[in-house]
Amino acid sequence: MLSSEEQSTKKWTNFLLFALFLQIAAWSYEAYFNSTAINSVIFLNLNLSDQFASLFDKFSSLVLLLSFGLFLITRVASFLLVPVAYGLALPICTMLLHSSFAYEFALLTGAARFGLPLVLYLFYKNQEKGWGIDKRFLIRFFICLTFVGHGIEALMEHPKFIDFLIEGFALLFGYELSEAYAVHLLTLIGAADIVLSISGLIKPRVSVYLFMTAWGFITAVCRLMYFQWDGIFPMLLRSAHWALPAFVVYMILQQRKVSEPWKIWKAVKG
Amino acid sequence: MKNILIIFVTLLFSASAFAGVNSKKIQMVQHLRVVWHEDPAHEAYIMWTTDKYKIKSYLYYDTVPRNGDLKKYRFKNNAKTKPILYTLDVRHKAKLKKLKPDTMYYFTAVTNGKKSKEYHFKTAPVDKNKTFKILFGGDSRSDRAQRIEMNKLMSKMFQEDPNILALCHGGDYIANGLSWKQWKAWLEDHYHTATKDGRMLPIIPTRGNHELASPLFNDVFARPGGIFKRNYFRTRIAELSILTMNTNISHSGAQKRWLKKTLKKAKKDSKWIVANYHRPAWPGVKKPGRAKKHWVPLFEKYQIDMAFESDGHVLKRTVPIYKNKEDPVKGIVYVGEGGLGVKMRGPKDRWYLRGSGYNESKHHVMALEVSPKQMTYTVELPDRKIFDKMVLKRRRR
Numbered sequence: 001m002l003s004s005e006e007q008s009t010k011k012w013t014n015f016l017l018f019a020l021f022l023q024i025a026a027w028s029y030e031a032y033f034n035s036t037a038i039n040s041v042i043f044l045n046l047n048l049s050d051q052f053a054s055l056f057d058k059f060s061s062l063v064l065l066l067s068f069g070l071f072l073i074t075r076v077a078s079f080l081l082v083p084v085a086y087g088l089a090l091p092i093c094t095m096l097l098h099s100s101f102a103y104e105f106a107l108l109t110g111a112a113r114f115g116l117p118l119v120l121y122l123f124y125k126n127q128e129k130g131w132g133i134d135k136r137f138l139i140r141f142f143i144c145l146t147f148v149g150h151g152i153e154a155l156m157e158h159p160k161f162i163d164f165l166i167e168g169f170a171l172l173f174g175y176e177l178s179e180a181y182a183v184h185l186l187t188l189i190g191a192a193d194i195v196l197s198i199s200g201l202i203k204p205r206v207s208v209y210l211f212m213t214a215w216g217f218i219t220a221v222c223r224l225m226y227f228q229w230d231g232i233f234p235m236l237l238r239s240a241h242w243a244l245p246a247f248v249v250y251m252i253l254q255q256r257k258v259s260e261p262w263k264i265w266k267a268v269k270g
Numbered sequence: 001m002k003n004i005l006i007i008f009v010t011l012l013f014s015a016s017a018f019a020g021v022n023s024k025k026i027q028m029v030q031h032l033r034v035v036w037h038e039d040p041a042h043e044a045y046i047m048w049t050t051d052k053y054k055i056k057s058y059l060y061y062d063t064v065p066r067n068g069d070l071k072k073y074r075f076k077n078n079a080k081t082k083p084i085l086y087t088l089d090v091r092h093k094a095k096l097k098k099l100k101p102d103t104m105y106y107f108t109a110v111t112n113g114k115k116s117k118e119y120h121f122k123t124a125p126v127d128k129n130k131t132f133k134i135l136f137g138g139d140s141r142s143d144r145a146q147r148i149e150m151n152k153l154m155s156k157m158f159q160e161d162p163n164i165l166a167l168c169h170g171g172d173y174i175a176n177g178l179s180w181k182q183w184k185a186w187l188e189d190h191y192h193t194a195t196k197d198g199r200m201l202p203i204i205p206t207r208g209n210h211e212l213a214s215p216l217f218n219d220v221f222a223r224p225g226g227i228f229k230r231n232y233f234r235t236r237i238a239e240l241s242i243l244t245m246n247t248n249i250s251h252s253g254a255q256k257r258w259l260k261k262t263l264k265k266a267k268k269d270s271k272w273i274v275a276n277y278h279r280p281a282w283p284g285v286k287k288p289g290r291a292k293k294h295w296v297p298l299f300e301k302y303q304i305d306m307a308f309e310s311d312g313h314v315l316k317r318t319v320p321i322y323k324n325k326e327d328p329v330k331g332i333v334y335v336g337e338g339g340l341g342v343k344m345r346g347p348k349d350r351w352y353l354r355g356s357g358y359n360e361s362k363h364h365v366m367a368l369e370v371s372p373k374q375m376t377y378t379v380e381l382p383d384r385k386i387f388d389k390m391v392l393k394r395r396r397r
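Protein chains in written order, with the working numbering: chain A, 1 to 270; chain B, 1 to 397.
Calculated from the structure, these hints are not laboratory results.
Derived lysine to any residue pairs resembling SDA-like cross-links, with alpha carbons at most 25 Å apart:
#1 B:Lys287 x A:Leu48
#2 B:Lys293 x A:Phe33
#3 B:Lys268 x B:Met375
#4 A:Lys11 x A:Val221
#5 B:Lys286 x A:Asn47
#6 A:Lys58 x B:Lys287
#7 B:Lys348 x A:Ser54
#8 B:Lys264 x B:Phe228
#9 B:Lys181 x A:Leu46
#10 B:Lys184 x B:Asn218
#11 A:Lys58 x B:Pro288
#12 B:Lys348 x A:Ser49
#13 B:Lys330 x B:Leu240
#14 B:Lys181 x A:Tyr103
#15 B:Lys286 x A:Tyr103
#16 B:Lys52 x B:Leu70
#17 A:Lys160 x B:Asn324
#18 B:Lys181 x A:Val41
#19 B:Lys343 x A:Tyr103
#20 B:Lys82 x B:Lys184
#21 B:Lys293 x A:Leu171
#22 B:Lys293 x A:Thr219
Per label pair, the in silico range of CB-to-CB distance:
#23 B:Ser356 x A:Lys11: 51 to 59 Å
#24 B:Arg350 x A:Val63: 24 to 32 Å
#25 A:Leu55 x B:Ser356: 24 to 32 Å
#26 A:Leu172 x B:Lys128: 45 to 53 Å
#27 A:Ser100 x B:Lys229: 17 to 25 Å
#28 B:Lys264 x A:Leu138: 52 to 60 Å
#29 B:Thr131 x A:Leu46: 42 to 50 Å
Please read all numbers here as calculations on a predicted model, not as lab measurements.
We put the CB at the ideal spot given by N, CA and C, even for glycine.
Could you put together the complete structure from these sequences and hints?
Structure (structure tokens):
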């Protein structure tokens, strides 16, 4: 019989698995129906045929889904290494292509995406140790890398972020933000991303990780707002950006023995 | 933050280039090119590279050939010199102003006593009844042998048809926009577009995603769009307006406002309006770029004649599209996708590429002939076959 604490940890671990499922679904969709950075590297850098590159995309899409399905059935942790490898391959290929904005920081911005299956792999590989201090730190580390990466992109005035801000303001407030103001706002956002993520890595605070959960969720959902239905998969792709900080919030609360979510304000104050 | 970094790096590299002054004599004038921005009937940039920083750099030019005899040229311009970022090479830029429209200009570049061969180019016409042609194409970044072949093809076309004025390049000149070595190779290869008698094909430049935010693009093409506009501008040639946009920056901010304002103006003063940008709104391979959301509604509102896109490494032509549907009356045709020296992709199936549209895996050069009554769009393949021809009549705006 599991204790209530163990049951709660199991629920939250399943929450992370659900986030990983959303991410894998998005990866698979993008690889199957569109093309990825891996495809471009195979085609352009490795000089293989376009058909092979497309086939590789489709194959990897199926392998991702299959490995996750097999993990759910067998609970063999090694299956989770497939999304880890895929999550690492994507930013590395982006860096090789020299074609997208701030490609130099692709490994940072994609850290949560390969970090999520990696921490789950480490957890399931040695389940009896639970979510030990090393894994908790690793989660915070991946969150930190992701937020620092996005913070740098914001400071570099990522054009897509500028468009999101302008469009978001127009939709929410009916007011068209000028590009200059959007850039100023982006500078503040970028600085906040970096400062908060580093402070969260050094000393985990509920308030910081609650903010990061909310911000990670908003920035994922804004894809849906911006691209409409085409934004569903880009939104799902960013599930780790809010799921991992939410998990850290749970971990801090659990450490402080705050069982009832409505008492969260106490923890925030603490 | 970004600007401070750029200024810092500029100063750092400028200092290193100045440090090399007089340490070695220059080798030769290289990478001569003619760049057109907004008013090619009256203005042009002649640019070149040398390997050491020298203050004395001039462009001699005239409306008749002088075969490099510097004393005979009627005009002489000081060229501005600037060390090229991250390198010890130096860029020379002579801006020619108050040129006569539809006139051949012969020029020789001179830096520290070393002079180039005489080349020539023709300014754009202002006469509304004049027929002329502009070449279009993009993506010349990763297959150098193919790029040279395509440049030679353009040279042949240029040689045979004196109505050709310039090449509107849709971006992705090279694979890594920060690599001066790759830019140098591209500039060397660009000589292949010139005719045998030395007529140069002016370039109307567009920034592609492989040029990133690289300052080298501005060094090579004289900062198209000026200091405040970031590489988006309108080129007016008689009754044609070419709107070149930058898909590497915000699509919805200042650029969108500029596009709206410029389309309003072009509607009044130009019979023909075409757009040219890198990342496609209606792609043949990848996902649509943000142009679809921010610019296509304006294209449709102001009824531009057609749009040239690059990036996908295919040859495509869409059906006429209006409000996400095929519309033969109000629809706009999107063409291009880039094939001037890259490995071509396999075609993908999309609703807008069926019927009168197509999507093919072919290297190509597009040409737009503008005459008083119609515009004729043609696609030429490396084997000199005309793959596609489309006649556009004047639109109601």
